[in-house]
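Asker: Residues per chain, in single letters:
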Amino acid sequence: MQDLGISVLFQGDNFIRLMGGLWITIRISLISVLFSMIFGVILGIIMMWKNPVTKVITKIYLEFIRIMPQLVLLFLVYFGSAKHFGWDFSGEMASIIVFVFWGTAEMGDLVRGALGSISIHQIESGKALGLTGGQIYWYVLIPQAVKRLIPQAMNLVTRMIKTTSLIVLIGVVEVVKIGQQMIEAARLTQPSAALWIYGVIFFLYFIICYPVSVLAAHLEKKWKD
Amino acid sequence: MDWNFIIQYSGLYKEAAFLTLRIACMGIFGSLILGLICGMIRYYKVPVLSRITGIYIELSRNTPLLIQLFFLYFGLPKIGIILESETCAVAGLVFLGGSYMAEAFRSGMEAVDSVQTESGLSLGLTKKQVWFYILLPQAAAIAIPGIGANVIFLIKETSVFSIVALMDLMHVAKDLIGLYYKTDEALLMLVTAYLVILLPISIIFMFLERRLRFAGSGD
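Chains as they are written, first to last, in the working numbering: chain V, 282 to 506; chain G, 69 to 287.
So that you can see chain G by itself, here it is in the shape it has in the complex (with noise of 0.2 angstroms):
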């Protein structure tokens, strides 16, 4: 193990880290907007858009996040919608996104008993404030496991971006292989790095978890 090969190149994968970071935090934002969206559409079955939410969810759990980007970065230049780079994959990342973080508020949704607002619609709160006060905060609360773990996920599919051109931490790792032939340093370093971005968040998820056990009210 050559340990000044290492300190020398670790700026690299700190820059590399936060690039993926900045994405991943835009991807997973964007992916809770349009998860919740397309969550409360699902589960109050709109009629047309519950249909092609539906459509939308299906596609985009079927199929990889990498082909996703092909089609967005290379495909649909040539019909005339350039992406950028990171535009792109943080596109490729709400798109994949939205559909999982949609199935977790709707099932979070779906497991509030009907009895709570029912409730809250004869005590004559509106239908809004039945949502924003009572089913909310109770899916939410529900659906956190669920969450945490559409962000873990989604923050180890950030591992593709290399391929739209990004400098994230495969492209750094793959660089260096190829360029010193540091091979056990590069992945180390790759490892550690992945280690350092996704350890925290899975241990915050499960306090996180722990703490909001408690909210099943009505059981």
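Pulled out of the complex, with its shape left as it was, chain V reads as follows (with noise of 0.2 angstroms):
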């Protein structure tokens, strides 16, 4: 009977060294969500101000970090950094500088959309009661806003994991790349390896983010007024 490729699998370490490429992945999808919901924040903040020239700054700084593929940023900082400023990032920082500025223009996105969403009445009724600015933001604003913002920045999330499977393309060895190694040393033995390799980190990802859109939309439903 012909071998399965699975086995590939459970050959030596392989399953082990998998695992240790899915890490790397979650790693680098940890810590750029960490720095981007922090920094999201803050950008969401700062594009509610009136001032023009923030707003100019800002709206040029979102549209064109939302426009470009993510691809195409990781080329400009990958590439574009080391010939030009002969910063010579390693591919793993370069993916969390550039998930960090994209995540982070999405989420201040996302909190400008929630704060926004607020009816003015309840900025009033704040104003009325005698409230000062910093506790309008903190008793009415935040508390209001969160609801609307964590589904949402819970798909973001996912997307930011979706998304560092680009690493592979500028040499970052995760879960991809180890896959494609125990593909490529399987090649003679088990020809089918790639159907089996890259099945399972298909679903490797399908179970990672699976949890994560069912518990936002359980979220939204829930929170929905």
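These are computed hints drawn from the structure, not numbers from a lab. Be a bit skeptical, because a hint or two may be false.
Below, simulated DSBU-like cross-link-like pairs (lysine-lysine); rule was C-alpha separation at most 35 angstroms, straight line [claimed, not checked]: (1) G:K242 / V:K502; (2) G:K195 / V:K505; (3) G:K196 / V:K458; (4) V:K336 / V:K364; (5) V:K443 / G:K146; (6) V:K458 / G:K250; (7) V:K336 / V:K458.
Put the two chains together into one complex, using the hints given.
Answerer: Structure representation (structure tokens):
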């Protein structure tokens, strides 16, 4: 009977290596998500300012980052910065920088949307009650905005995890690259390895992202006014 | 900046941009059709199909296009299904886009007040007529912002097609960097090419969105 390609996965320490690769993917995502959330909240609040200068600058930043494919941004930082400024980022560092820039833009827009969606009478009522600006943010705006924000932010997290698959293209050794190494190593002994390994990686991404999306959808439904 | 180099190689980018656009168009068209079908199945809760579509939507939305393409292009040939680069790229884009479009259409249809369809039925329209004359136009108008976002998302996703051996924009840029070490020029042209493709589309959808805002009838 022909040997199934899936057995490649259990040869030697292949499975542990693949999980190690997955951990690198997750680590890069988590670091990027963490910084993006922090900077995104700050950016979102800055975008609410009425100052025309900050408005224009944040708008340009947001539009440029969002319109460029993430892979182009990765190329810009990975190849461009090395050539131009002589910064020799590792692939991992470059990808974290790009994902933080991109995640901040996306998160900032979500924060702005969530803050903006709160009707004006909430703020006015707060003022009428004699709250200060800071108090209005802290007691009125933020608690309401957070409920709208969290499900969307979780969807952004799944998007960021999915996007980290691109970093294999700038030479980071993560789950996809390790999978490719296994396929290469087993090319002669198990030619069908590619089908199984890529299938497994496909489901690994699914297993990570699916619970987050389900939870996000659940929270969105639950908190819908 | 070496402008002669830019002029000399801008033709390559033009070709690559057209390739990207052609595949994106086919992929978006395919995903609109697939999305409409899946969206309807989900909306009308067709018994078995609805469950299958649900699984498809979750699988496609929770995995990266890159891995889907790797599976299609390198995995499937092992069981005898050999796809050409372009077919593979379009298939991957339709598989990914179909689920996003399905969600846009479904939420569009769900946003149309049930009074609308009930009025249609009580006026003696058939179910098909209600769908085509009442539900679809309003749902499409509501879904336009979502569809626009998906279209731009899908065009951006085409940037990974270099891995299925297509000479797309990323591929050209990478080649020029590798061959001539003209990093600045190659990257500048890359960014410009994507801006030229994506900016007009995003502006068109912005206007469409504004034009169609009246569509929420019954409010």
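Asker: Take the hints in turn and mark each one as holding or not.
Answerer: Against the structure, the hints:
1. The suggested pairing of G:K242 with V:K502 is violated, with an alpha-carbon distance near 44 angstroms, which exceeds 35 angstroms.
2. For a cut-off of 35 angstroms, the pair hint linking G:K195 to V:K505 stands: about 31 angstroms separates their Cα positions.
3. Restraint check: the Cα-Cα separation between G:K196 and V:K458 comes to about 50 angstroms, which exceeds 35 angstroms; the hinted pair is violated.
4. About 32 angstroms separates the Cα atoms of V:K336 and V:K364, which keeps this hinted pair within 35 angstroms; it holds.
5. A threshold of 35 angstroms between alpha carbons decides the hint, and for V:K443 with G:K146 the separation of about 25 angstroms falls inside it, so the pair holds.
6. For the suggested pair V:K458 and G:K250, the alpha carbons sit about 27 angstroms apart, so the restraint of at most 35 angstroms is met.
7. About 41 angstroms separates the Cα atoms of V:K336 and V:K458, which puts this hinted pair outside 35 angstroms; it is violated.
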